[in-house]
Structure formats: structure tokens, C-alpha cells
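Top to bottom, those sequences are chains A and B. Quick note: the first sequence uses my numbering, first residue 2, plus one each step. Quick note: the second sequence uses my numbering, first residue 180, plus one each step.
It should be emphasised that the hints constitute simulated quantities derived from the structure, not laboratory data. The model shown is predicted, which means the values in this text are computed figures rather than measured ones. No false leads were mixed into what you were given.
Negatives, chain B to chain A, calculated, CB over 10 Å:
hint : residue
1    : I195
2    : A256
3    : F295
4    : S382
5    : R432
6    : N483
7    : L581
DMTMM-like, lysine to aspartate or glutamate: derived pairs with alpha carbons at most 20 Å apart:
hint : chain 1 : residue 1 : chain 2 : residue 2
8    : A       : K245      : B       : D322
9    : A       : K218      : B       : E331
10   : A       : K218      : A       : E192
Even for Gly, the Cβ is constructed at its ideal location relative to N, Cα and C.
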Amino acid sequence: MSNAHTISGLDTRHLLSIADLHRPDIDSLLDLGETYLDLSVQKDTRNNVLAGKTLINLFFENSTRTEKSFELAGRRLGADVINMAMATSSASKGETLLDTATTLNAMNPDLLVIRHSASGAPALLSQKVSCPVINAGDGAHEHPTQALLDALTLRTRLGAIDGLRIAICGDILHSRVARSNVQLLNILGAEIRLIGPPTLIPPDADQWGVEVFHDMKTGLAGCDVIMMLRLQLERMGGSFVPSKREYFHFYGLDGSKLNYAAPGALVMHPGPMNRGVEISSDIADDPDISLITRQVETGVAMRMAILHLLSQGGGDDV
Amino acid sequence: MSKLISKLAISNARLIDPKSGMDTIGDLLLEDGLIAAFGEDLFAEGLNPDIKNINADGLILCPGLIDMRVVTGEPGAEHKETLASAGRAAAAGGVTSMVVMPQTNPVIDDISLVDFVGRRARETSPVHVYAAGALTKNLACTDMTELGLMSEAGAVMFSNGDAPIADTGLMRRIMAYSSAFNALISHRAVDPNLSVGAVAHESDFSARLGLSAAPAACERIMAERDIALVELTGARYLLDLISSAETLPPLHRAKAKGLDVCASVSINHLALNELDIGDYRTFAKLDPPLRGEEDRQALLKAINDGTIDVIVSAHDPRPAGDKRRPFAEAGFGAVGLEMLLPAGLTLVADGQLDLIAFLKAVTCTPAEMLGLPQGVLEIGAPADLVLIDPGKPWMCDVDNLLSNSRNTPFDGRLMQGAAITTICAGKVVYS
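Chain A on its own, in the form it takes in the complex:
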């Protein structure tokens, strides 16, 4: 790990949005992520980059994979990890976010990972604490670590992202994953398409540097990668989409719709999946097509790289 220790920090103090990252930062993160991914197959995956440092996972929304992914990443780097499930904690007793921030800051953490249902909450928190803050998903705003792990998954499988045609399908309107991926993949040179019913795509999304489609057949034509998004069950009862069966019929990914894409197209999903709603099981479970399990594995390595580089310090305001 000696080479990793010499890597300098990022040009940003916090990771709140993909917009915080310049291209060299992204390359450093993906390079280090790839290093950690290679190391993860070794017998002893631990090191001591973050030895003696405290990582607090502050999750105001329930999460399984993202929280455990950060926990595992932190532990593998030797940090002390504290998980605070805020959904069942003082926040539910009426404490404001800023009061929580003040309380946490008094504990002198070295890294804060936050997930919150309100867009912009991590940015607010970052103004009140004296350590780097990592956005693990805020409302319908961003989920930058998911975008980075998606990019790393693609890079390790396909070599380069530049020039790929990538479709992001489903509930774009409520998706923080989509917003982060659109920014990151644009920086990395991909051609991005958004596909979904008009009720689930923001009306002005065509100004994000993407092409918008409401039909899978035309939208998927020639796509190298298909990113499916989760559709919340409560949005399928006639409010945004008439029913599950109609959604799957027109927008669910099955074998026949996959055939519209380029031969050998790969499928991704940030999880958790609704089988039979946005994706059929035969595709989700086909290791030649689906990168979904690979995304989870890559997630830990990518987050190790993020924690590592942010802990090095950086940004103008340090």
C-alpha cells in the first residue's frame, strides 16, 4: 500500500455532489478504487490508512447496502466506525439537523457519511462540522458515491467509458442516482440517454446534456449499457404510472427489450431491485449480462478510495 499513501488529497474537502470533482480528482478516485478492488481479492484486505480515525455513518433514511458498504470500507482501512441510525434516534425526537451537527462535531469525527431524505441536507451539515462530509444520498438530489462505483464497474469491465452509449431507464424524476450518473458519465465522455414515461422524467431534463426518450425501442437502440432504476411501489398505483403490469409492459427490461440495445449490452441496477417491475429475473441473474452483483463488490473498493482520499485533506477551505 505504500503507493497509495503517497497519493495526494482531492481538490475538494467534501464529496457532496459530482460537481465538486474535477476530472483529475475523478481519475485519482477511480485509479485508487481500482487498486483497492484488486486488493480485495487478497486474503487479508485490511490496512491502516485510517487507523485511529473515526468514521460516523449518519443515516436519516434506512439503508442496507450503502451503510454496510461504507462501514466495511471504513473498517478495512482501519477506522473506528460508528453507525447512527437517525431514523430511530434523536432526530425522531425533534432535534434539528443543525443541532445534531453541533452534537456530532463535539465528538470530533474525522469523516461523516450522511444520507437524508431532504435534498441539500449534507451541504447544510458540511457548513457546521469541521471534518469532510460524504453525501450517501440526499433526497432526489445526488448519490455521488453510487455514480463513482458505477463508473468504476464499467471501467473495469469495458476499459473505457469515453464513447459508450448509456441508457438510464425508469424513474429519473425521483432518482438521485440518475442525477449523479448523468453528471459523471458526461464528464467521462459517454453519450447518455434517459428513458421513461413522461411522468417520471423532469420536463427540462433534455437540457442536462442527454437525449430523452419515452419509448424503450428507440431509446435503447445501439446502447452499450443499460442502467435500470428502482421504481418505488407507491408510485405505481395510478399516481405517476397506472400499474405495475403497465410499467413492466412498456418500461420493464426483459429479453425482448434488451434485444433493442447493442449486441452484448450490459445491465446495471443500483438496487434494491423490484423483480418483474423494472427488470425481469432472467436478466438480473444472468452473469454475462448483469453487472448488478459486481456493482456491490466494486462499491466497497470505491468507497475505500473515497474515504482514503478525503481523509488526506484537500480543498481550499481546509
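Knowing the structure of chain A, use the given hints to seat chain B on it.
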């Protein structure tokens, strides 16, 4: 032999094609349910005596009417009207295609009901029947229906029946969602809160009668809202049953902006006004209510200049028991399949309505909106035709109506013009 049977000739007719504007004396040949040939002196060299020939004697031969707004009682209220009885009434009125509204029991809000209507109509109706799917489940104005699946199952348009969708957020999502399928959204523009309990048009006349009434503004307010949503979403929108003059300027503005907005009017609102409710005549109790004479004049002008696109029968069968009640308690609506053509022709004979503008609004324009191949006199088009005597004088007598229900405000009226022979898919379905 069977090939000869499927041929039919109509000679010496006044051929009118509203789409192209053709209006000429000539002949027409039908073959296998399609228009095979037409023109002047088509049979100059004599006609094969094995082919059946109808001598039109100078009567008008034009595409059969397409009625975009028909309520039936099948399924659920077959005593009012079945697809079969509505089909017979349609044929007698020169209507060869009709769109049935979703307010049945159960509501047409599901692919199985769209399928049922199509299948029952093929078995029982002499004319083409198409289903309009509901916009919201059970017409309850809360949840969007499966617009995409119903489109694929054959629903030609979508409507919420007579129940306006007051929830603007829901209407926006319906319009946005439907745009992915290019579906036609038909909506009754009525502000329901401004028309609670109303049974008549708000005017000095209804006030003197002591009837609770709604102002024409309740239509304009909702029309303005819907047009704003069309602009936001890019939906295809049909303003269903326009009734007042003050809704015309917003409609005109929407069209000038290039929005996909069109409007329909019922034949009742072109032929009648609020005075026809007269002495509490419940057969003239309609929804929307009959309005003032200046409204009627403005609607006629809007048909003649093309601002309003479609004329419908607004066929709404009601049993006598629903109508023979005090005005406020009586049901809304009138049967219209057998009145659409004659009432229109009567207005034409009276010089109030232009013949070609009228025929356009009941043939090629609705066909274009619904994406149907009929409604035109073109070689290869479906042989849906009506032979019209535009001068025939007759008196409307409810006892002669073929509909299962006989609630018409035209009872006892003198009419001028009628369908003589109706042909659907090459077969004579009324004569």
C-alpha cells in the same frame, strides 16, 4: 358468385367528399367492403347486370357519420341501451362508426372491458363501435388508468365521462403520461365547484324558473386550465362538449399557438337554446345545459369557420322514469344517434350551417382525430357510406326511434333531411 355478391353499385348520386371538397354527380362502386371506384359516368359503358345497383336519383352520397360521443348501457344498464340497439339507431341515423363512452357498469377502465366492448359490438352491432377508455379508475378522479395497455387493446381515445377531473396535478400527470402514447384525451371542461347542483344555464330565464344554475364561466375556467396543461405537457386534447361563446376565444388562442387542442359540440347545442327547457321540459335537460341564443349562434359560427372541429350526438339514453320527474330531479341527457344527421341537415336547410362544414365535422375530422381510415370518399377506403335526402320533410316522433330509450328534445319537431340508405363495410345496414 360470392365475389359478385360483395359488389354494390350506386349510380346517379351527388358525391360529396368533405375532406377534398368534391361535390359532383357521379357513380360509385363498392367491392369487398371497400370503395373500388367512383366518378362521373363511371357506368357509362353499362353495368354488369349481376351487380346490384342502387339508383340514387341525385341524392347525396357521402361518407358515413362518425359519432365520437355515444353513451350506451352495455355493460350494466342494458335496459337503457345495448350495443345492438345503439347500432340499429346509428344505422338509421346515417352513423357508421361510433365511439362509446366509458361510463358503463363496470366502467371501461381496463383492457378486459375494452376487449368486451369490441367483441360484443362485432357480434351484435351493424355499425363499427370503438371504445373510449376511462382516464381514471372507476371514473373516481383519483388514480390514472392503464392508458398504454388500453391503447394497445384498441381504445381510440380516453375520457372521464361526464366527471371533470378537478385535481390539476392528476390531470397534468395524465396528460404527460398520455403523450408517450400520443393518446387523445377528451375532457369535459367544467369547474365542478362552480357548478355544484346546477341543472340549468345561469341567466335571467333560469332565475325566473327558480332553477339552480351554473355560469358559462365554469366552462371557460376549466378550458383555460386544460389548455395551460396542454402547453405544459404536449398532450392531444379534445375539449368535450363545448357549450358557451366565452370558451371560444381561449380555444382559438390555443389553436393559434399550434397546440394540439380541438373541440366538440353536441348537435343539441347547435339546434336548441335554453328557452327549449321552456315549461320545465326535462327532455331538454342536458349536461352541459342548453345556453343562450347568442351562445348557439356563436357555436354555429365556430363550426362554419372551423374553430370547433367535431359535432357529436352526445347520445345519452335515459328511461322515461328518469325523465318524468321534477326538473331538478330528472336525469340529464338526450338520445341523439338518430337526430345528429337530420338536425344538422335541418340547420343546413335553414341556412344556419354550411353543408360541407357540417359533414366535415361528422366524417373526416373525427376520423383523423381517431386515426381511422373511414370518413372519406377515396379509392381503397372502407365502404362506410350514407345516402342522404337533404330535402325530405318529416316530423320527429319518439315512437319511431329505434333506440331503447326515447328521450329526445326534438319530439314533435319538423325536420328537413334524413338518411335514406346506410352502408357499413359494404353492406346495407339501413334502408
